Amino acid sequence: MQTIALFDVPTAPQPAAKLHRAPLALGELPVSSVPAAYDREHLYSPKANTAALVDHRPGDQFPPLPVSPPGPKAWGAWWRTEASVTTPDYLGLEPGDVITLDDGDTATVVSTCRFGAVVRYALPPSEWCDKEYAEQYVTARNQFGRWYR
Numbered sequence: 423m424q425t426i427a428l429f430d431v432p433t434a435p436q437p438a439a440k441l442h443r444a445p446l447a448l449g450e451l452p453v454s455s456v457p458a459a460y461d462r463e464h465l466y467s468p469k470a471n472t473a474a475l476v477d478h479r480p481g482d483q484f485p486p487l488p489v490s491p492p493g494p495k496a497w498g499a500w501w502r503t504e505a506s507v508t509t510p511d512y513l514g515l516e517p518g519d520v521i522t523l524d525d526g527d528t529a530t531v532v533s534t535c536r537f538g539a540v541v542r543y544a545l546p547p548s549e550w551c552d553k554e555y556a557e558q559y560v561t562a563r564n565q566f567g568r569w570y571r
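Under our numbering, the first residue of the sequence shown is numbered 423, with each subsequent residue one higher.
Simulated from the structure, these hints should not be mistaken for laboratory data. Fair warning: this is a prediction, and the values are worked out from it, not measured in the lab. Just to be clear, a hint being listed does not mean it is correct.
Unchecked claim - Label pairs and their calculated CB-CB ranges: (1) Gly518 x Ala556: 15 to 23 Å; (2) Glu549 x Thr472: 24 to 32 Å; (3) Arg462 x Glu554: 31 to 39 Å; (4) Pro491 x Glu557: 21 to 29 Å; (5) Ala447 x Tyr570: 14 to 22 Å; (6) Trp501 x Arg542: 18 to 26 Å.
All C-beta atoms in this analysis are idealised placements derived from N, C-alpha and C, irrespective of residue type, glycine included.
Let's have the full structure, built from the sequences with the hints guiding it.
Below, the structure is given as structure tokens:
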């Protein structure tokens with residue numbers, strides 16, 4: 423005779439869920455692997471050409487990002503060796519964090535690098551587009567706690 427179970431009990435342990443972290447208070451500089459500055463109510467990571475001009479917290483692992491060189495080949499090399507280097511966080515954002523974008527949509531942080539954080543957000547259903555989501559970089563947070571590039 424076969425018994426009917428009311429609940430399925432998983433046989434393997436489930437991975438621990440990521441702890442929800444409280445968002446950083448507005449006006450507070452995060453402890454981050456990249457430099458952090460707060461200027462005119464906006465949080466951002468200063469680049470090498472502006473870091474000397476603004477009060478900022480140095481990054482734990484990286485100095486300010488060097489200015490990109492002109493020309494496609496030089497810029498491509500700069501992007502691969504400097505800007506897109508993977509970091510454990512970007513201004514306190516870590517992969518898996520859910521943030522609010524400047525337009526009010528929510529997005530999930532996919533990855534972080536010296537240049538910014540890649541976030542993924544849902545797209546509305548459409549007859550002419552079969553994609554369910556889009557991705558973009560965010561590099562700064564405004565005075566309302568919303569992220570933008």
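Here is how each hint holds up against the structure:
no. : hint                        : in the structure
1   : Gly518 x Ala556: 15 to 23 Å : 18 Å, holds
2   : Glu549 x Thr472: 24 to 32 Å : 45 Å, violated
3   : Arg462 x Glu554: 31 to 39 Å : 36 Å, holds
4   : Pro491 x Glu557: 21 to 29 Å : 26 Å, holds
5   : Ala447 x Tyr570: 14 to 22 Å : 19 Å, holds
6   : Trp501 x Arg542: 18 to 26 Å : 21 Å, holds
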